[in-house]
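Undergrad: These are the residues of each chain, in order.
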Amino acid sequence: SQQGEEDPQALSIQEGENATMNCSYKTSINNLQWYRQNSGRGLVHLILIRSNEREKHSGRLRVTLDTSKKSSSLLITASRAADTASYFCATDKGGSEKLVFGKGTKLTVNP
Amino acid sequence: NAGVTQTPKFQVLKTGQSMTLQCAQDMNHEYMSWYRQDPGMGLRLIHYSVGAGITDQGEVPNGYNVSRSTTEDFPLRLLSAAPSQTSVYFCASSYNMVGEQYFGPGTRLTVT
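Going line by line, the protein sequences match chains A and B.
Just so you know, the numbering used here puts 3 at position 3 of the first sequence, and the rest follows in order with no gaps.
Just so you know, the numbering used here puts 18 at position 18 of the second sequence, and the rest follows in order with no gaps.
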């Protein structure tokens, strides 16, 4: 069964707006990661947040983690057309050797 | 560094044919994985390796074989291709199996 599930499945916004996507998971984790995938390309790692961290920033990206709710959010501020991509969360299963990916959120940023 | 490379980029097979998808990395990563990506399914782990000579099954291993004779290479073999194996295949490597993954550009496979 899927460990991480992103929400929404698709999101369309205007350039300059903020984009928020969420990831929920089922079992305890050691860390949660976010990846970006441009159309027809491989995934690119964006950010990793550990279970003992609540918030992490990287440029225009802000990731939060709420382990009590088993959820994470990815906020992209001041979106650009180049941010158009699919975004995936990935989690371990609290000590598992395997990383499990969600199905992704498809973000479209309209110029 | 080239990072993670995959060949071929595209491949069309007939049902029953066999082939090998190549994956190589030049980052000296111990961990390597193969995923398949299907519409609406996200990425699913096929096989993975924690070092040369060590491989294990992932979520969807049936119909695929792997071996890891060197740190750099991790080929994926389709033994007898089936239409259900039509997918995009990604190879990834990392220092840590559950840490930051470095992905290749993918191989788009169609089985007719």
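No wet-lab data here; the hints were simulated from the structure.
Be aware that a few hints might be false.
Straight-line C-alpha distance at most 27 Å; calculated DSS-like pairs for lysine-lysine [claimed, not checked]: (1) A:Lys69 to A:Lys98; (2) A:Lys26 to A:Lys93; (3) A:Lys69 to A:Lys26; (4) A:Lys106 to B:Lys14; (5) A:Lys98 to B:Lys9; (6) A:Lys106 to A:Lys69.
Undergrad: Of all the hints numbered above, which does this structure not satisfy? Sort the numbers upward.
TA: 4
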